[in-house]
Amino acid sequence: MREPTMVVGADSNAAAAGGADGSPLPPPMSSPPQAVVERLKDYGQEHVFGLWDELSPDERLHLVKDIQSLDLSRIDRIIRCSLRSQGLPVAAIEPVPESCVSSVEERTMEERERWWKMGLKAISEGKLAVLLLSGGQGTRLGSSDPKGCFNIGLPSGKSLFQLQAERILCVQRLAAQAKNEGSVTIHWYVMTSPFTDDATRKFFESHKYFGLEADQVTFFQQGTQPCISKDGRYIMETPFKNILGGVKVLKQFYLVAKSPDGNGGVYTALKSSRLLEDMAARGIKYVDCYGVDNALVRVADPTFLGYFIDKGVAAAAKVVKKAYPQEKVGVFVRRGKGGPLTVVEYSELDSSLASAVNQQTGRLRFCWSNVWFFSSILIKCCLLLTKYSAFWTQYAASSGFLEAFICENVSMSGCRLRFYRKLTMIANLVCLHMFTLDFLSQVADDLEKDGIYHLAEKKVPSIHGYTMGLKLEQFVFDAFPYAPSTALFEVLREEEFAPVKNANGSNYDTPDSARLLVLRLHTRWVVAAGGFLTHSVPLYATGVEVSPLCSYTGENLESICRGRTFHAPCEIAF
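Here the sequence shown is numbered in UniProt numbering, starting from 1 and rising by one per residue.
Any given hint could turn out to be false.
List time: in silico SDA-like cross-link candidates among lysine to any residue, alpha-carbon distance up to 25 Å [to be verified]:
(1) Lys208 - Gln172
(2) Lys179 - Lys65
(3) Lys459 - Ala444
(4) Lys202 - Lys127
(5) Lys230 - Thr553
(6) Lys285 - Arg39
(7) Lys127 - Lys337
(8) Lys230 - Tyr466
(9) Lys271 - Arg107
(10) Lys41 - Glu448
(11) Lys321 - Gly554
(12) Lys449 - Lys127
(13) Lys121 - Phe475
(14) Lys459 - Arg107
(15) Lys121 - Glu110
(16) Lys285 - Lys321
(17) Lys459 - Phe475
(18) Lys449 - Gly465
(19) Lys449 - Gly44
(20) Lys65 - Tyr43
(21) Lys230 - Asp215
(22) Lys311 - Lys449
(23) Lys117 - Thr553
(24) Lys449 - Glu125
Because the hints were derived from the structure by calculation, they are not lab data.
Please read these numbers as outputs of a predicted model, since none were measured by experiment.
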């Protein structure tokens, strides 16, 4: 990583010392530039110069440069549109039509095989790009590095970035084999943030792009937006800067407080970076979009791509069923009669709608969740049960701990437990989407035209210490209401979602829980391929890791595993 520059304080002689590039700085300013003041007055933000007389010449210079870097008219429009949108009436909601969903139980083997082949064909023709949302730091994991750099403790020691890169390599090989000629390249677009960009690039470079070609990976940054008060005024801060050793030194530059514009900022970032044009020039037609903090994400999933192409839609999302009617998750709905599909929060569904059942399918009418949940409580119940029963050990290992009986009461050794099939307690947003390039170009314009951002009330560092303010954010699923057609693809949580959100020791979504989910899934693959396991610790606490370079979804493992015994934990690789 590039060593940060330490700025301990402002110096009245800074102007004479010159700029960072050796060029002379402008002469000191006794008052703010009148043109800048007038522009700020036009948008009700003239308070940003309120402390001008208390600032040093260097601080004044940095403040003026900061203001001049802002697109004031665009930001004003976004603030006004976003504040005005709060509390506006919305159209009534309807269930997602069954024709828009491919459910696991109704999906035939023939369909899966056909979609798999369709997806591989499109990939072999260079029509798919992969888009990674990786702007977040691992702060909740106890790390200042980008989340993708995190090693969740698998036997291989691979980071999330490496696992995902190797899945791309695996799909490239499968597509080349299906085409039976030459090589196949999937271009990987990696969205970073101002906080993760440099570290992410250095990590890829130091690991030689994990076996990918350097020119098939493109990095770009999401944007930022000013943090505002409830009346729409910029919050001012004196930011801190991290230096070597983790010491925080006050950098006395008085600036507008800013924060990343959310994972939905990807649409604006793609457009402003001219990467939509880059994709078109490469012949890309479809874009697979996902979040970095999922250890089981199926990057460039051929089956999902084939389904997407087969349906002929503009957008698609992977979903799971709600576990029970009152589960606090957002769900896909149709907004208005014949309107677009969109995601609504559970609070928008009253109890009667949340509990309503489709009499033809037996499913909840509003059941397709875009917000996935994972429960450490369920795992703890299963772990306790497996300690007492060989049957439960075998059952839990084969089912991934997530296929227990619905509302079953289990009494064992005087211990009475009540748990639920796929019972879930803690929310996490999962991003597993597919878009056409044409739609991405359209939605980038539509979102910019409407200028509506979500207002997240959070603590913001300011000149007065931490204060409650509003952060302007867009979410990746904000695109769906603009899609002329959308399809949903049901998947199993235990096969495609191992979230890495919180540090070990937390109750859910930790590196330890993600590692166990990976090991359990891969253990099932190995057993299905004719392999055997030995283990010195209980099987529910360990397993084997299958390198993505060997298998994408458990295919082609017979030649490696049949008749062989593996001692868990270990990695199975070529």
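Cross-check of the supplied hints:
1. Lys208 - Gln172: holds, 18 Å
2. Lys179 - Lys65: It is violated: about 54 Å lies between the C-alpha atoms, which goes past 25 Å.
3. Lys459 - Ala444: violated, 29 Å
4. Lys202 - Lys127: violated, 28 Å
5. Lys230 - Thr553: violated, 48 Å
6. Lys285 - Arg39: Judged against 25 Å, a Cα distance of about 42 Å means the pair is violated.
7. Lys127 - Lys337: violated, 34 Å
8. Lys230 - Tyr466: holds, 15 Å
9. Lys271 - Arg107: violated, 36 Å
10. Lys41 - Glu448: holds, 24 Å
11. Lys321 - Gly554: holds, 24 Å
12. Lys449 - Lys127: violated, 28 Å
13. Lys121 - Phe475: Between lysine 121 and phenylalanine 475 the Cα gap is close to 31 Å, so the pair fails against 25 Å, i.e. violated.
14. Lys459 - Arg107: violated, 46 Å
15. Lys121 - Glu110: Holds, at roughly 17 Å.
16. Lys285 - Lys321: violated, 29 Å
17. Lys459 - Phe475: holds, 20 Å
18. Lys449 - Gly465: violated, 35 Å
19. Lys449 - Gly44: Since the Cα atoms of lysine 449 and glycine 44 sit roughly 22 Å apart, the hinted pair holds (cutoff 25 Å).
20. Lys65 - Tyr43: Since the Cα atoms of lysine 65 and tyrosine 43 sit roughly 18 Å apart, the hinted pair holds (cutoff 25 Å).
21. Lys230 - Asp215: Measuring from Cα to Cα gives roughly 45 Å; hence the hint is violated.
22. Lys311 - Lys449: Roughly 28 Å between the alpha carbons, so the hint for lysine 311 and lysine 449 is violated.
23. Lys117 - Thr553: Cα-Cα ~14 Å, so holds.
24. Lys449 - Glu125: With a Cα-Cα distance of about 34 Å, the restraint between lysine 449 and glutamate 125 is violated, given a limit of 25 Å.
Consistency note: the structure conflicts with the earlier hints numbered 2, 3, 4, 5, 6, 7, 9, 12, 13, 14, 16, 18, 21, 22, 24.
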